[in-house]
Each structure stands twice: as structure tokens, then as C-alpha cells.
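K.L.:
Numbering (the numbering used here), first residue to last: 73 to 258.
Bear in mind the hints are in silico, worked out from the structure with no lab data behind them. Computed from a prediction, not measured in an experiment: that's the story for all the values here. All clues stand as given, with none of them false.
DEER-style ranges, computed between Cβ atoms:
1. 165 / 232: 26 to 32 Å
2. 161 / 99: 15 to 21 Å
3. 210 / 255: 45 to 51 Å
4. 256 / 138: 45 to 51 Å
5. 177 / 245: 19 to 25 Å
6. 191 / 100: 20 to 26 Å
7. 217 / 242: 29 to 35 Å
8. 252 / 210: 38 to 44 Å
Ideal Cβ positions, reconstructed from N, Cα and C, are used throughout, including at glycine.
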Amino acid sequence: MKSGETESVETSKGIQKSGLMSRRIAILEFILRIVAFFNTIASAILMATTNETLPFFTQFIRFHAEYSDLPALTFFVVANAIVSGYLILSLPLAFVHIVKNKTQNSRILLIFLDVAMLGLVTAGASSATAIVYLAHKGNNKTNWFSICQQFNSFCERISGSLVGSFIAVVLLILLILLSAIALSRT
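The task is simple: from the sequences and hints, build the whole structure.
P.N.:
Okay, structure coming up:
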């Protein structure tokens, strides 16, 4: 082999390795999108179906706790539902990234949309976290008492819903980083 032929063989091997790495990143992105979808949809469903009723003195007077009583928790449900819808709709585009190598424009679009969805799900989870904290701890200075001693099931479900949403936040951050890495390799 001549020197020029050796360089071209080495160059084509480098291109093949880069293409293989991009495909692996695209597969990982696809899987992360599916996992993030299940986290956000499960969080939304768990929060939306959370309610508990407690009797007070008699059977005629009851205390009822429901997620829709608090606007921050309603925002949490809506935000997670929107993000889960986006994640399921972005799967075909993520699949195109597995099949095709030259997808810079669609990767840039997904990065922007992923950042917007990251902001939305973070805002929803953060607002719900403030309410969950008050439900657990209360605030003596403002005479807000903790309700979790009475509404155990309600508090467990809304806390579990938050965990799923914050896992989705981490997964969206990973998706953004992986998209940026794949974009820099092309």
C-alpha cells in the first residue's frame, strides 16, 4: 500500500467509528425518551388521581384533600402531561436519528424543544415541591399546619409523583447533553 491509500483507509475507519458512535448515541437517546415519557406520564396520572377523605367527628362532616384544590399541583399535572406528549411525539424524529447520520437540523430542533420542555417540567416539579414541603412540614409563622399527619395516603402519592418528575428532569438534561455530543461529532 502506498501512503495515500493508507491515509484514506484510516480516514474511512474514523468515519465509520464516528457513525457507529452517533448511532449508539441516537439509540440511547431513543431509550431515554421512552423512559422519560413513562416517568412524566406516571407522575401526571399519579398526581391527578390523588385524593383522600377523612371523617371528622361524625360521618356527615368530612375533610377532603384533592390535587385540584391546589393550583400548583394542577400546574404540575398539566406540565407533566404536556412534556409526556412532547416526548412521545419526538420519538419518530429520534428514530430518524438512528437510521440516518446527517441530521444536524433536526438535532438542533430537538435540543431547543428539549430545553423548553426541561424548563416546563422543572417549573411544574418545583412549584409542586413547595406545596409538598408545606404539606409535610407546615409553616408555624403563618399558621399553616402540616396535613400529612392526617392525610397519609395523599402525601405519599404526591411525594412519589414528584420523584418521577425529577427523574424526568435528569433524563431531559441527559438528552440535551447527548444531543449536543452527537451534534458535535457530525
